[in-house]
Structure formats: structure tokens, C-alpha cells
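If you're matching them up, the sequences are chains A and V in order. Under the numbering used here, the residues of the first sequence are numbered 248 to 452, in order. Under the numbering used here, the residues of the second sequence are numbered 248 to 452, in order.
Rather than coming from a laboratory, the hints here were simulated on the basis of the structure. Do not rely on the hints blindly, as some may be mistaken.
Copies of the same chain look alike in the list, so a pair counts if it fits in one copy or across any two.
To be verified - Derived DSS-like pairs: lysine-lysine, alpha-carbon spacing no greater than 30 Å straight-line:
id, residue 1, residue 2
1, Lys403, Lys348
2, Lys385, Lys296
3, Lys367, Lys348
4, Lys385, Lys348
5, Lys296, Lys367
6, Lys367, Lys325
7, Lys348, Lys325
8, Lys367, Lys393
Only a predicted model underlies this, so the values are computations on that prediction, with no experimental measurement involved.
2 protein chains.
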Amino acid sequence: MPANIPDIVIGRLPVYLRALTRLAQEGHEVTSSHELGQRLGISSAQIRKDLSHFGGFGKQGTGYQIGYLVEQLRQVLKVDQEWEVALVGAGDLGSALAHYKGFGDRGFRIACVFDNSPQKVGQRLGDFTILSTDDIEKNIRERGIKIAMIAIPAEKAQEVADRLIGAGVRAILNYAPINLNVPENVRVQYIDPVVHMQRMTYYLT
Amino acid sequence: MPANIPDIVIGRLPVYLRALTRLAQEGHEVTSSHELGQRLGISSAQIRKDLSHFGGFGKQGTGYQIGYLVEQLRQVLKVDQEWEVALVGAGDLGSALAHYKGFGDRGFRIACVFDNSPQKVGQRLGDFTILSTDDIEKNIRERGIKIAMIAIPAEKAQEVADRLIGAGVRAILNYAPINLNVPENVRVQYIDPVVHMQRMTYYLT
Chain A
248 MPANIPDIVI GRLPVYLRAL TRLAQEGHEV TSSHELGQRL GISSAQIRKD
298 LSHFGGFGKQ GTGYQIGYLV EQLRQVLKVD QEWEVALVGA GDLGSALAHY
348 KGFGDRGFRI ACVFDNSPQK VGQRLGDFTI LSTDDIEKNI RERGIKIAMI
398 AIPAEKAQEV ADRLIGAGVR AILNYAPINL NVPENVRVQY IDPVVHMQRM
448 TYYLT
Chain V
248 MPANIPDIVI GRLPVYLRAL TRLAQEGHEV TSSHELGQRL GISSAQIRKD
298 LSHFGGFGKQ GTGYQIGYLV EQLRQVLKVD QEWEVALVGA GDLGSALAHY
348 KGFGDRGFRI ACVFDNSPQK VGQRLGDFTI LSTDDIEKNI RERGIKIAMI
398 AIPAEKAQEV ADRLIGAGVR AILNYAPINL NVPENVRVQY IDPVVHMQRM
448 TYYLT
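Only chain A is shown next, with the shape it has when bound in the complex (with noise of 0.2 Å):
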């Protein structure tokens, strides 16, 4: 594996990897920079740059042969295998989390569903059983578990956070409207929708 990839790069990839598959679905079996640029708004320079960080995966002249990179880019993701999350959190957001089908095969599937409610412990959620947010520790130690959503308010989040990454979750995508302070080794992705409409509204006449 190459190192030293700017994050930004690594950041663009997932969108790569999405819009392959969706041409590989449509029938497609060969792409090029060009059309995969026009699909995604990047220049089909950016594209060409960002995958020659990891070898090119495509001939000067013949284009890209969809199935071979989404195998490829799939095995640099790490998305190759599938990886067991745990969601804290069976709220609104949770439930709709818990419920949703596109993570199976895409490389994530929850394990499990933690909640702090005493009426909702125990209680099921689609495929799930809600288990308590006292046994996220013996949960996630015992599955090995490396991911983790969180769902749940602000003022809580922190503290779930530490709690998840003791017991040795490294990856965390944070609902929760706030910042996390976390160790070096562990990373940290963002929703919220407010801050994706707030970043637009700037523009807006």
C-alpha cells in the first residue's frame, strides 16, 4: 500500500467507488476519466491523479475496466470484507440507521444497537435488540468491533465516544452536533445536516 495518500485523496475515492458501481449496474463495462469525470463534476485530470497515487488501474488510450477497479479500490478501502458496526443510539436517526439496507454491500453491516432508555432496552429494532449503553464495553471488546455510529445528543457524545474507544473502536461517525475529542489514532467523521445547509446558504443571493 502507497503511503503518504493526502487525505483528500482518500476522501474522494468512496465517491469514485460509488459511481463505478452504479455504472457497472447500469450495464457498463468500461469507463473513462472523462466520463467518470462528468458524472461526478472533477476533472477527469483530478481523477487520473488521484488514481495514480495507487498504480493508475487503467491503460493511456483504452480507459478503465469498471469491474477490475472497483475490486481495486474496494481492496484499498478496505471495503473488500465487510466490517461489523455498532450504533449508539435508537432514536429517529438511529432507527433509520438500523433499517437502512445500503450498507450490506458496501462493506458494513451493525452488530448492534446500544440505547440508554430503560423503556427502550431490550426492546427490538428490525433485526436488532436494543442492548443497554452499560454493556458497550463487554459488546464491543467481545466482537472485535473497530467501528462505530453515534446517534444520540450532544451532551452525551463525548462521554460515549471515550467509552467506545476504550474498549477499541478507531473509526466513529459522530450524528451528534459536536466535536470530539479523540486520540490520535482514531478517526472521526462528521454529519450534520445544519452544517452541510449552512455551508450552501453562504452562496445563496
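Chain V: place on chain A using the hints.
Leaving out everything else, chain V in the frame of chain A:
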């Protein structure tokens, strides 16, 4: 308003605003680029440079008045007003968004909810009566709505986006796992939990 601010700078302003609002809620009145940077995992130099695009908002050595900086950032991001937002999709995710309490005090209010299912149209969803997607144009135009959230399957997302844009929408928060082709005067932000997680698995060992 200063021109030609890099979009990556604009993208950090909502994160600063969120952290500053929380500092204010915690009772702080003054902060520094150092303190803010520690909370956010961003260097203090980066924060000062970002804010300097807009005049700086602080005096050398005395830090930032949080209340004043919050108001200034809200003005810059144009969220010192309340934007009406159209939500398309009343499934699990759309329902979670319709019930979400965190929009109001940050500049946004869901104004109408659309779905294409005859079983859902006319039903209540939180404070809303679900409208038919057939009525997208009429409602968007009448209300002058500029912002929409798309929470429907990928297959229908481009068609819905085209219709929203035709009716006047200029900013789309797209939860459908597909890239949208939009005119240059329209902004799109994407939320796809799998893309965020795939960006982290690359780093997991």
C-alpha cells in the same frame, strides 16, 4: 461581503459557529483561536487565517467576544434568518429529519414534506401533512423555497432534483447515494454514511 473566499474556508465556518454556540451555551463569553482550535482539532493559525478573510472579528491579544463572533458568522453564512426547506422523501430517514429538533435555531425550518407513495400522501408526519411529489413545483414556487433535502432512493434522485431546480431550488442536501448533475448556479452537498465510513476504513489496520 468579501469575494473569492475559498469554498474550503466557507466549509469550516459552520463548524466554528457550532462550536462557538456551544461555548456560549456553556456560559463562556470570550474565547481564543487557541481554545477554539483545541476543541476542533484545527490549528489556531488556521482559524485566525480563516476569520481574517472577513476582517478578523477580534483584537490582537484580547481574544474573540463569542456573542459578537456568533452574530457575525451567522450574517456571513446568511443564517441570521430562517430558511424554509423542502423535504422530499418520508421514509425512515425522511421521518427522522421531519422530527429533528435541531434545525430551528440554526437557520432552517422544514416547510413541506413530499412523498410519491399514495399510502403516505395525506398522512401526518410530525407537524406536516405529506404532500404528493406531483405538487413539488406548485409548492416550491408559491413559497419561494430555495433549499431542499432529498431523502429518496438513488434511482429517483436525479429526476426529483431536476424538478426542484426547475421550481427555483438552488441548494440541495442529497442523502440519496448518487451524484447529481446540476447547473452551475445550484449547490449540492452530499450525506452518505457509507462514503464517510469508507474514508475511515482505509486507515484501519
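Quick rundown of the hints versus the structure:
Taking identical chains as interchangeable, the C-alpha atoms of Lys403 and Lys348 lie at most 30 Å apart whether they share a chain (27 Å) or sit on different chains (17 Å). In this assembly of identical chains, Lys385 and Lys296 lie within 30 Å of each other by CA distance neither inside one copy nor across copies; the values are 44 Å within and 44 Å between. In this assembly of identical chains, Lys367 and Lys348 lie within 30 Å of each other by CA distance both inside one copy and across copies; the values are 22 Å within and 20 Å between. For the identical chains of this complex, Lys385 and Lys348 are intra-copy neighbours only, at 27 Å inside a copy versus 32 Å across copies, given an alpha-carbon limit of 30 Å.
In the homo-oligomer, the alpha carbons of Lys296 and Lys367 never lie at most 30 Å apart, since the shortest distance is 49 Å inside one protomer and 46 Å across protomers. Proximity of Lys367 and Lys325 under a CA criterion of 30 Å is satisfied in neither setting, with 34 Å inside one chain copy and 39 Å between copies. When the C-alpha separation of Lys348 and Lys325 is checked against a cutoff of 30 Å, the pair qualifies only within one copy, where the shortest distance is 20 Å, while the shortest distance between copies is 36 Å. Within a single copy, Lys367 and Lys393 get their C-alpha atoms as close as 24 Å, which meets the 30 Å cut-off; across copies the closest is 38 Å, which misses it.
Hint compliance for this structure: hints 2, 5 and 6 are not met, and every other hint is.
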